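Chemist: Take a look at the letters that make up each chain.
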Amino acid sequence: MATIYIDNKPYEVKEGDNLLHACLSLGFDLPYFCWHPAMNSVGACRQCAVKQFRDENDTHGKIVMACMTPAADGTRISIDDPEANAFRAANIEWLMLNHPHDCPVCDEGGECHLQDMTVMTGHSYRRTRFKKRTHRNQHLGPFINHEMNRCIQCYRCVRFYRDYAGGRDFNVFACHHAVYFGRHEEGVLENEFSGNLVEVCPTGVFTDKTLKQHYVRKWDLQTAPSVCVHCGIGCNIMPGERHGDLLRVQNRFHSEVNGYFLCDRGRYGYDFVNCNDRIRRPRLRRATGGAHVSVAAEEALEGVANLLHFGARVIGIGSPRASLEANFALRSLVGPDNFFTGMSEKDLLMVRLMVDILVKGPARSPSLSDIAGSDAVFVLGEDLTNSAPMIALALRQSVRQRPMALAKKMHIPNWNDAAVREAMQNEKGPLFLATPCATKLEEVAAHAYHGAPDDIARLGFAVAHELDPEAPAVEGMAEQLMSLARVIAGDLGMAERPLVVSGQGCSCAAVIEAAANISRALHKKGKPAGLCFVVEECNTLGIGLMGGGSLEQAIAAARKGKADTVIILENDIFRRTDAASAEKLFAAAGEVISIDHLQNETTVRAGIVLPASTFAETGGTFVNNEGRAQRFFQVFVPEDEVMESWKWLRHMRDLTGLPQAEEWSGLDDLTSALCGAYPVFTGVKEAAPQADFRMIGRKIPRQPHRYSGRTALLADISVHEPKPPDDHDSPLSFSMEGYEGIPPSALIPRYWAGGWNSVQALNKFQEEVGGLLRGGNPGRRLIEPGKEYQEKYFGRAPGPFSRRQGEWLLMPLYHIFGSEELSSRAQAIAERSPVPYIALNAKDASELGVDGGGMIRLLLPDASYLLPVRITPSLPDGVAGVPAGIVPHLSGSGLPAWGRLKKGEGG
Amino acid sequence: MTEKPLTKNIRPGRAPLSLKEYEAVGGYLGLRRALKEMSPKDVQKVVTDSNLRGRGGAGFQTGQKWSFVPVGEDAPRPKYLICNADEMEPGTFKDRLLMEGNPHQLLEGMIISSYAIQADVSYIFLRWAYKVAAARLERAIAEAYENNYLGKNIVGSGYSLEMYIHTSAGRYICGEETALLNALEGKRATPRSKPPFPQVCGLWGKPTVVNNVETLSNISHIVSNGPDWFKGLSVSPDSGTKIYGASGRVKRPGLWELPMGVTMRELLEEHAGGMRDGFRLRSVIPGGASTEFLAEEHLDVKMDYASVQKAGSRLGTGTMIVIDDKTCPIGAIHNLEVFFARESCGWCTPCREGLRWAEQILLAIENGEGEPEDTGILEEQCRRLVPGNTFCALAPGAVEPLQSGLKIFREDFERHIREKRCPWK
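If you read the protein sequences in the order shown, they are chains A and B.
Numbering follows the working numbering, in which position 39 of the first sequence is assigned residue number 39; successive positions increment by one, without gaps.
The number in the working numbering is simply the position in the second sequence, starting from 1, with 907 added.
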């Protein structure tokens, strides 16, 4: 710690931090633009000027940039110094020479950092009479709107896009006052994290294009703390609603999970909530085989009641994309023996294996910030950029860990970003990848191996064996691979914070076991290796912990006559099993009730469809891949007859007329019951305050205090302003009235502080800028590695992959845009999704007599597909790739699977 | 006649000395002496003792600059020595003379300097427009390689050095040593933060020294003749000779190697031949465009670092621009600010925006569209664009002629604004 003096008052700060970091952490209002807590200092904008004095006798002082000046013990500065104040105002005046004076009609108005800083410095009058410089804007794709005239040249965009996220198709061009930020030519921004430019840009150059299509001001958005549903990472988000539509998603800071950033799937996937495929009224068939008709809730429930009479045999199929509470409600309704997870046998096997490994230890599942801090990493079987993009982003930071030592040796502080990067040059720490074919992360990897899942597993087993001879050896490994295994083992073994990453991507138990063996061997050597498993959906791990049979078991139960009625919760079973098996369920079940929010094959086939809330219209808990229970809150009350799944299930439970042990008057009751039923979920209750929590007797408003038009919104229907809806399930209210201060971190609905209207107001919600939220980060880890673990390795490595004559091993290839079920229904994401294809290497393609673009007929036991060929040189011989979740029905075929290929008609 | 070590072997209008000719007049003896008889430390000491100060404009002690380079077994490698030959200061053309006139003198200085810091690679970062210099330096480097003054085991000393010319794309900011390093790495030519200084983290993150052409051209003479000889060349506390220059409406514009510390009057009247007939001297920018105007009363100021500073300007590159009474000073200042605003790299706000605004105001005044508050705004820009407020020294240099001009030519500014026209047009 160091004592520094700010305007003659002493403060304790961390020695060596830069002064801007220190001042902001102490709560001072010091304006800035180019500095960013995740990207540090470069000293470009000159906005954070303060006066520094040599000692207490120095009355003259010297202006310095706070962001570029270390806080050393005894440092004396003044923020309020008249000359420093005047310089900061002058700096804003310079920036405003060319910035449009059109805040009232600018997209960023009301949440503009430049606007805030302008007010903060007191600059108000335009003294220049000259023409402003103007630029041409570019079309940058469906996510980002470009308005270069607003640019104040803080360089944050290019630093984020290139330095932080590794993008290449965006840069800074020209010089002097003509500096331009964009692409070398118009076109879609390629980087998977481009949406962060919206929040990184301190003004309105880069704005959310999807928001623009249904634009409202920040202050007119109703927002609540939520969790992303588009992969298993559980990034914290803040969705915003107005007029019953979800209008945008912004980052909700969590220092251990997503930090300041989101991937583009997470930011732009929200639009599925508004899509035309939403089910908004109950539907049922009045006659068997008849068409669906929309009915009132009462009629639908009457139909349900007839199916749930005493003695009826009812089974429930849950879902890894539904909350713990909804799944638990279904499980309680049908009884534990009749509850199925909704995952395929194959997926469930993987998830159980991963849960088992994490629970029994010794390796700890790392948070994203742990991942970014790792100094040697081995990834087995995951194309992270597409299956868990934020892990890929974290790994791009992790490769800087080891070379950072070079900067340290030169006494360059970590926050001096440009200097650190200069000292490091292109040095990268060890990141090893083993995947079925080339992935984007290879740009920063030390080595990438491509092989079939069994071969990836063999490499992993060999690495474990190299680390610990007691780990099972691999027979018949080629010398080249053995030497690779030795290199990987060497780097992992030398690291201080090694990390192994694997997951569901290959659907191969041996790959997961290999990853576990490596982490176990590292622990045995005294290295606290992290073990990160990627899971596919937002609550995969949650339902894995809850337990229940597979979808195949559910179908078997139905076929055995155990199901008069099947209730399917937020699950399209056609994505999880082949069409023939799914049809068997419908044939065997007396009736199928589907509770879901988007129309899909399951809802089309179900007899009764009940309109469920999306994540934005309900509350609940998800468990992310790390084992962290995270509470998400309802953002808005849905219109029509849409209702939370758990409430539909509560209705059903009431309809059975049976006496119940526990009451489900609110969501908290379900959470409590869940915690009671499973020791592992005990922590879930602590993930966020309960519904009766109040701040000084008041609820926390979802609507900001400047929410406009409240009395006019419904005036076309009635001039009497209705009472706001009640929220019995959370401490938040659907209102603009309530507690205005800083709530507990799990309940922060938006970032706002006096004078800070932009996302940068977040500074005020943190204990230290860039660090923990005040009172600690939200959420609760449910899994910590067992202290007493057995020194036991997973058995034997599989034999090497051998290709088959006329058959190919079909691997699912993940796409950030398109592979995930819900986000692919958002229009902007759909625009970026690939069309169906089959990937082969050139040799295999020519063996089949086709070139890139030619057609292939893929034959599976129960289906066949005609697909255009995409040549993927890195695919091993005998392995073919198909896009995951994009070819209808194919994802339900339990990939990887063997399929016959032949030259297609017209190919 | 005083000694003129830098220019005595320059033959105006003729090809520069070939390596053989250069050797015949004692060339590369200093190099042999340094590499074979002296340790790198010794060379550094001689240069430090000579009190040689950087001739690029800032006047930093050369020996001291070198002393920050890590030496010894565990020093990072490779180390670099870079010759800053990106001479783009308006009114300055002294380095061009040295490179075109005697390239081997520069090479010898570079090789000795590289040896002093134990550099492995050296670069000449050359202004793109200096095509003649490029060709002559290329040839000289080839000759030096052929004669083992470059390459492996130079003249049997055990020391090895590679040398390359990099012809820049042509930006004034590349003369800023850290922007030069970025440009050399193929990045945008924006300056870097200091610390870390290039001696520690320079080109490609390795220890690097950047010296000016004239500075390096002095090195072989200092090593050959010793620090006392070098000090004796001067008539001021700053050692050595200096290549002074004069441009503007003088009778004989040009360059002269003179003892450090001659007066401006001597320079102007004896060497430049005084003002052309019909023109009267109004003012002088003593050291390239980024120094402050001095008035007639300062003509007896000695042209050394301390004296010019005392008079309120800087020695800079020592090449003066003379302003006469038939030239509109506002137009002249505007012309300079057009250059500086255009050459701003666009990295920091004050320079990027402030210089452009000043340039716009100056143009308006010159065009008869000035407003009474304009001079106040210009003064404000000058007050704000000072070292520390800006990222590098470009803008502080750029406003030196402006802020002094606002004082010296106050009446001219006011007349432009009052009469809503340029009195010279």
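There could be a bad hint or two in this list.
In silico lysine-lysine, PhoX-like type, Cα no more than 25 angstroms apart, as pairs [what the hints assert, rightly or not]: (1) B:K1217 x A:K62; (2) B:K1217 x A:K409; (3) B:K1094 x A:K408; (4) A:K440 x B:K1094; (5) A:K131 x B:K1038; (6) B:K1101 x A:K62; (7) A:K409 x B:K1094; (8) A:K409 x B:K948; (9) A:K132 x B:K948; (10) B:K1101 x A:K14; (11) B:K948 x A:K428.
Hints listed in this document are in silico derivations from the structure and should not be mistaken for laboratory results.
Model, not experiment: these values are computed from the prediction.
Chemist: If a hint holds in the structure, say so; if it doesn't, say that too.
Modeler: Hints, verified against the model:
1. A hinted pair counts as satisfied when its Cα atoms are at most 25 angstroms apart, and K1217 (chain B) with K62 (chain A) qualifies at roughly 22 angstroms.
2. Between K1217 (chain B) and K409 (chain A) the CA atoms are separated by roughly 41 angstroms; this puts the pair beyond 25 angstroms, and the hint is violated.
3. A threshold of 25 angstroms between alpha carbons decides the hint, and for K1094 (chain B) with K408 (chain A) the separation of about 23 angstroms falls inside it, so the pair holds.
4. Between K440 (chain A) and K1094 (chain B) the alpha-carbon distance is near 24 angstroms, which keeps this suggested pair within the 25 angstroms criterion.
5. For the hint pairing K131 (chain A) with K1038 (chain B), the CA-to-CA distance comes to about 38 angstroms; that exceeds 25 angstroms, so the pair is violated.
6. Straight-line distance between C-alpha atoms of K1101 (chain B) and K62 (chain A) comes to about 17 angstroms, which keeps the hinted pair within the 25 angstroms bound.
7. The suggested pairing of K409 (chain A) with K1094 (chain B) holds, with an alpha-carbon distance near 24 angstroms, which does not exceed 25 angstroms.
8. Between the alpha carbons of K409 (chain A) and K948 (chain B) the distance comes to roughly 24 angstroms, so the proposed pair stays at or under 25 angstroms and holds.
9. The straight-line distance between the Cα atoms of K132 (chain A) and K948 (chain B) is roughly 56 angstroms, outside the 25 angstroms bound, and the hint therefore fails.
10. Our distance criterion of 25 angstroms between C-alpha atoms is met by K1101 (chain B) and K14 (chain A), whose separation comes to about 22 angstroms.
11. Under the criterion of a C-alpha separation no larger than 25 angstroms, the hint pairing K948 (chain B) with K428 (chain A) is inconsistent with the structure, at around 35 angstroms.
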